[in-house]
Amino acid sequence: MSLSTVETLSSRTTGSQDASIVSIAKKNARVSRYMVSPSVLVLLLWMIVPLSMTIYFSLIRYNLLYPGENEFVGFENYEFFLTDEGFFAGMGNTLLLVGFTLLITVVLGVLISVLVNKAFWGRGIVRVMLISPFFIMPTVNALVWKNLLLHPVSGVFAAVWTFFGAEPIDWFTHYPLTAIIMIVSWQWLPFAILILMTALQSLDQEQQEAARLDGAGPWALFYHITLPHLARPIAVVVMIETIFLLSIFAEIFTTTGGGPGYETTNLAYLIYSQALLQFDVGLASAGGLIAVLLANIAAFFLVRMIGKNLTEA
Amino acid sequence: MINSNILSLKNSRRLNTLIIGVFAWTVALLIFFPILWMILTSFKTEIDAFATPPQLFFTPTLENYALINERSDYFHFAWNSVVVSFGSTIIGMLIAVPAAYSMAFFETRRTKSTLLWMLSTKMLPPVGVLVPIYLLFKDFGLLDTRTGLTVIYTLINLPIMVWMAYTYFKEIPKEVLEAARMDGATVAQEIYRVLLPMSKGGLASTVLLSLILSWNEAFWSLNLTASAAAPLTALIASYSSPEGLFWAKLSAVSTLACAPILIFGWISQKQLVRGLSFGAVK
Chain Z
1 MSLSTVETLS SRTTGSQDAS IVSIAKKNAR VSRYMVSPSV LVLLLWMIVP
51 LSMTIYFSLI RYNLLYPGEN EFVGFENYEF FLTDEGFFAG MGNTLLLVGF
101 TLLITVVLGV LISVLVNKAF WGRGIVRVML ISPFFIMPTV NALVWKNLLL
151 HPVSGVFAAV WTFFGAEPID WFTHYPLTAI IMIVSWQWLP FAILILMTAL
201 QSLDQEQQEA ARLDGAGPWA LFYHITLPHL ARPIAVVVMI ETIFLLSIFA
251 EIFTTTGGGP GYETTNLAYL IYSQALLQFD VGLASAGGLI AVLLANIAAF
301 FLVRMIGKNL TEA
Chain H
1 MINSNILSLK NSRRLNTLII GVFAWTVALL IFFPILWMIL TSFKTEIDAF
51 ATPPQLFFTP TLENYALINE RSDYFHFAWN SVVVSFGSTI IGMLIAVPAA
101 YSMAFFETRR TKSTLLWMLS TKMLPPVGVL VPIYLLFKDF GLLDTRTGLT
151 VIYTLINLPI MVWMAYTYFK EIPKEVLEAA RMDGATVAQE IYRVLLPMSK
201 GGLASTVLLS LILSWNEAFW SLNLTASAAA PLTALIASYS SPEGLFWAKL
251 SAVSTLACAP ILIFGWISQK QLVRGLSFGA VK
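Those protein sequences? They're chains Z and H, same order as listed.
Residue numbering for the first sequence follows the numbering used here, starting at 1 and increasing by one per position.
Residue numbering for the second sequence follows the numbering used here, starting at 1 and increasing by one per position.
Some clues are possibly wrong.
[As the list claims (entries may be wrong)] Here are the simulated distance ranges between beta carbons:
1. Z:Leu82 x H:Asn69: 46 to 56 Å
2. H:Ala226 x Z:Leu44: 26 to 36 Å
3. Z:Arg304 x H:Ile47: 49 to 59 Å
4. Z:Leu227 x H:Thr45: 43 to 53 Å
5. Z:Phe164 x H:Trp79: 44 to 54 Å
6. Z:Ala231 x H:Arg71: 32 to 42 Å
7. Z:Gly74 x H:Tyr192: 54 to 64 Å
[Unchecked claim] Straight line, CA to CA, 25 Å or less: simulated BS3-like cross-link-like pairs of lysine-lysine:
8. H:Lys112 x H:Lys170
9. H:Lys270 x Z:Lys118
10. Z:Lys118 x H:Lys10
11. H:Lys10 x H:Lys112
12. H:Lys174 x H:Lys112
13. H:Lys170 x H:Lys138
[Said to hold, decoys possible] Derived list of chain Z stretches under chain H, where covered just means 3 residues or more per stretch with a C-beta under 8 Å from a C-beta of chain H:
14. 157-171
15. 184-195
If you're looking for bench data, these hints aren't it; they were derived computationally from the structure.
Glycine is no exception: its CB is placed at the ideal position from the N, C-alpha and C atoms.
Using the sequences provided together with the hints, build the complete structure.
Here you go:
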């Protein structure tokens, strides 16, 4: 760069140019405000319109089997929903499903991503295999696990059990929720691996090397360097997975239909079955609002816990 | 003395690499096994598919694939999946990129809370609004239409798209945009000429994730479509009530349903691995 261009460049940013830059920036800021609005607007509509309808439905009697009887019933639907035995089962199952899946995917995800972060032969193929389940649609996932893997007679698990001289387990009869947790964990483990693997790539190698020279063992390295580095990505995994796991539906729909009894009914499935199997829209709406409320409580804590961390880029 | 020490160190390193390799391959094969098994089963006869113990070696047959095409029109469902996934991703990007741009470069006091609020709309369990959406769709004639499903997918993926794009834009130094602005670039030029080329990789991962999520979405597609607009997820669910033994056929239809997105994912996995950080890595 010649001296004269430097001079022109520096002169451009001084004096009268300043004013025009400020005005351009102001104009752009104004334009930019209009650019957020489509997103905000559609999401606002998406939230407010159906939600207010749900509130209205939850306060009236509204059963598709008895049309025309839509009188105002106050909080009767809520009372019904909250005292229904399905509600506590649904709550419990939702918590178990989300909690155990998070635990399994995060713990295994950390271990596996640390493992494949080392160099070895065929790492590319290993990675592809590890993240593949993420591309499988939940309905396929559920049916393959139910019929090909967990089937008590012809499933692969049964064969393995028999091979070791054990009695094959009828998963969906005796441990239905465990089976669902296995299915869902298999689906979401790749997501954890994907994010944690990306994060490990930015781990400071020199820092690790220095620690190693200082005599830190592999466990100390993992605990003091790797794990703290993964704190943020783990928070991201927990947050995104929670969002999706709270409303797990297809896996239950295609395997157990919520049963036996209420054993695999989560809140999402409970409300679905009331609305579309029992046609009680009023009750389902009350349930939907309670689910929204609970999700908001969860969201509040999640955002408190990690949201602050995330936007501080 | 020193030489032999280095040599043994080298050897132990090599041994370590070997052990790690074997271990990693075992884990990967275990995790990949269900997919492999599904593909294998799809080439078995129904009798082989139900055999105990399960057979690893068998005479492959294509009859399941032929039967699938007779029983249900695979391409009809596949086309619906393609249209809805790509449609919602394109519309979503058109809305999300400008929003992320202004949030990343013209931050106000409200920006962070807006972003978190957007994410919180994803926390709403879809069942909470299923009935109203169903009724609205009925009134507007959107039930079982690709348009309706596209609208829904756009809305449910929008928050994640805005967030991802926002984190990528955040990494671009403001000075670059200011330089373009000084040269008299308009907002549109700024985005199109400077921002998009600089965040190509990140935006590509955003597009990828949106495609994957839309392709595999199964709540709204099961509840809002019947046949005309039903995507592949709904086709699979229709195979969930068994009429006798038909696992080979189930595997074949599942393989067909997953193959496009799986291959797509494999091709773009490098991009995904690099780009899917959600701003988690500084």
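Checklist line | Hint check against the structure, violated hint numbers in rising order | finding: 6, 11 and 13
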